[in-house]
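Asker: Which chain is which? The protein sequence lines are F and D, in order.
Heads up: the first sequence runs through residues 1 to 348, numbered per our numbering.
Heads up: the second sequence runs through residues 1 to 348, numbered per our numbering.
Accuracy of the hints is not assured; some may be wrong.
The list treats identical chains as interchangeable, and a pair is accepted whether it falls inside one copy or across any two copies.
[Unchecked claim] DSBU-like cross-link-like pairs, simulated, lysine-lysine; straight-line CA separation at most 30 Å:
1. Lys180 <-> Lys113
2. Lys137 <-> Lys206
3. Lys19 <-> Lys341
4. Lys19 <-> Lys308
5. Lys225 <-> Lys87
6. Lys113 <-> Lys185
7. Lys206 <-> Lys113
8. Lys23 <-> Lys226
9. Lys19 <-> Lys300
The set of hints was computed from the structure by calculation and includes no laboratory data.
The structure presented is a predicted model; accordingly, all values stated were derived computationally and were not measured.
There are 2 protein chains.
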Amino acid sequence: MIKAIEWKHNRLFIIDQTKLPGKLVKFECKTPQQVAEAIVNMKVRGAPAIGVVAAFGVYLGIKRPPLAKTFEQLLSQVEKLCAMLGKTRPTAVNLFWALDRMKRCAQNNRDHKLSTLRDILLREAMNIYKEDERVTKSIAGTGAELIRDGDTIMTHCNAGALATVGVGTALGIVVEAAHKHSGIKVLVGETRPRLQGARLTAWELKQARIPFHLITDNMAAHFMKKGMINVVIVGADRVAMNGDVANKIGTYGLAMLAYHHNIPFYVAAPVSTFDRNLLNGDLIPIEERDPAEVTMINDKPISVPGVKALNPAFDVTPHRYVSAIITELGIVRAPFDQNLKNLFANLL
Amino acid sequence: MIKAIEWKHNRLFIIDQTKLPGKLVKFECKTPQQVAEAIVNMKVRGAPAIGVVAAFGVYLGIKRPPLAKTFEQLLSQVEKLCAMLGKTRPTAVNLFWALDRMKRCAQNNRDHKLSTLRDILLREAMNIYKEDERVTKSIAGTGAELIRDGDTIMTHCNAGALATVGVGTALGIVVEAAHKHSGIKVLVGETRPRLQGARLTAWELKQARIPFHLITDNMAAHFMKKGMINVVIVGADRVAMNGDVANKIGTYGLAMLAYHHNIPFYVAAPVSTFDRNLLNGDLIPIEERDPAEVTMINDKPISVPGVKALNPAFDVTPHRYVSAIITELGIVRAPFDQNLKNLFANLL
């Protein structure tokens with residue numbers, strides 16, 4: 001069982017995903033700054049996973065000397081840590097959701113002794129961790145029911161165990177489907193520029209012994225037309241309340257192509273990935289990353305010296321191209337605005 | 001002026017395009033076998049260019065000892081050379097078109113002395129070469145008229161000077177448009193797996209001092225939605241008589257995405273790229289290349305050991321997604337079957 005993030009003996013350990021699949025290296029994040037650096041440099045990535053490590057990052061900050069001496073000092077520490085950790089990556093909303101939980105937890109427990117409050121904050125981080133395990137397991141089970149024997153599933157980027165602390169979202173469904181159904185095959189889009197499909201999803205599928213083929217991202221349409229893709233499943237970094245989905249760059253094109261080939265396009269996303277303040281996806285901030293991610297592969301240039309490149313890390317898929325969103329509370333279909341409202345009304 | 005192929009002092013020189021953009025290396029092909037090897041390994045690539053080198057390859061074969069002593073021997077040599085060179089790559093029809101010209105040229109000149117006939121065959125190869133210069137210049141001029149000031153043009157793969165012996169087809173139009181119009185910019189799709197966009201098109205645009213940005217192939221839809229692409233232009237490896245277009249893998253997806261974003265999608269193709277025996281694109285043979293092209297970049301693996309990959313080198317774009325085909329005889333639009341019939345009726 002792959003564990004991208006571990007909390008052991010009061011210490012935070014992370015698999016350095018930039019080194020996969022060549023090397024499986026775990027390292028300890030001792031400070032909130034190290035957590036922030038690991039998120040920025042994508043040593044840990046995947047919307048649910050960065051929420052979890054950020055929550056632990058807050059705890060790592062408040063337990064380091066100088067310890068706060070009053071509740072106000074502690075709350076101020078928490079707020080500053082949340083602000084610092086919140087600046088690491090702008091698109092995935094799970095990060096802000098987890099940090100908000102830590103802040104609210106501090107505010108709601110002001111009457112405790114400070115040492116107890118620190119323990120309560122640790123417990124909150126551990127709750128976020130454990131919830132992700134339950135939630136992704138539930139999503140995997142629910143989503144697997146949408147798959148049929150013999151299906152070839154295409155997936156993009158990595159929404160597997162490495163992107164969460166549980167079994168993964170989209171890839172959790174794939175793995176569960178491969179257990180439940182016979183003849184499941186996978187097409188893995190390599191996912192330029194960071195090659196999460198080639199590096200991480202391939203690594204997870206190999207460990208799970210599920211048959212797959214790697215393809216370049218631009219081959220998807222060809223295989224759709226050939227009838228070689230039965231269903232597409234991806235994760236999400238932020239879902240708006242009308243069902244618009246921000247996810248890894250390339251998702252939008254894939255969704256539109258699936259739509260016009262009459263191939264179901266499913267998004268797997270825990271409730272923590274929904275931005276309940278956002279009416280539609282147009283306002284989701286899209287992270288622009290270093291152009292060197294496009295112009296260099298394996299530390300070698302792939303183009304001319306001085307080449308300029310664009311590098312949006314995510315795109316937004318309008319809900320009309322989404323067949324269903326698979327959450328731990330069930331499967332949501334169009335009309336998404338109404339059905340998501342109902343879903344969350346029951347929750348609160 | 002970039003010359004991918006040169007015939008000088010009765011010798012054939014080729015730029016080794018697998019070494020670009022790092023090194024500009026020219027090498028001599030002394031034998032038809034070396035020509036075939038250069039085509040197979042994509043040292044020379046691009047539909048028009050491989051037609052031209054194959055024609056010279058035939059000549060290199062017949063001028064080597066043992067020389068044919070009768071017309072029948074010479075014709076048999078030509079036919080064997082054409083068979084050998086025709087096995088190098090299956091999709092681009094210009095290869096077969098050029099080889100057919102060489103064969104017909106031999107058949108039509110049986111009454112000449114053998115030494116004269118060899119000279120005639122050399123002249124035929126040189127005609128194919130010179131025609132490509134004229135034809136691509138004409139396509140560039142015609143296509144540039146479809147572009148407006150300030151347009152951002154997206155292109156895929158490399159259909160430039162390196163892919164022809166003239167100014168290129170799709171990229172010839174881009175360069176001509178940048179001369180004729182103000183504010184032309186280019187988005188270059190990197191074109192996995194062989195990265196012809198990143199390596200070759202970027203190199204040509206840099207030499208031409210035309211501003212461009214490199215993007216990964218999966219970013220195209222995002223920039224289309226953002227209104228950052230005004231027109232897409234690509235080359236072709238084979239066009240059927242109903243306007244279906246075989247071109248570098250990724251073209252079909254790009255065309256479909258352009259269509260649904262109301263962005264004109266133009267194909268630039270000389271008459272030699274049309275397969276006049278083919279009613280539609282379904283029967284175009286699609287070359288499957290070594291999966292290592294997908295699983296390795298710069299000689300380093302990008303995925304897990306033993307990973308399986310699929311590697312179709314081309315795809316077929318149905319004519320409904322093609323706004324126009326730009327040829328040296330003019331611009332062809334839907335209904336393509338009728339309009340192509342008319343175009344070629346005038347020609348013969």
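Asker: Each hint: holds or not?
Answerer: Do the hints match the structure? See the list:
1. Lys180 <-> Lys113: Neither: 49 Å inside a copy, 75 Å across copies.
2. Lys137 <-> Lys206: Classified as within; 20 Å inside a copy, 51 Å across copies.
3. Lys19 <-> Lys341: neither (41 Å within a copy, 56 Å between copies)
4. Lys19 <-> Lys308: both (26 Å within a copy, 21 Å between copies)
5. Lys225 <-> Lys87: Classified as between; 27 Å across copies, 42 Å inside a copy.
6. Lys113 <-> Lys185: Classified as neither: same-chain Cα gap 54 Å, cross-chain 63 Å, threshold 30 Å.
7. Lys206 <-> Lys113: Answer is neither; intra-copy 49 Å and inter-copy 65 Å both fail.
8. Lys23 <-> Lys226: neither (36 Å within a copy, 38 Å between copies)
9. Lys19 <-> Lys300: both (16 Å within a copy, 14 Å between copies)
Hint violations for this structure: numbers 1, 3, 6, 7 and 8, all remaining hints satisfied.
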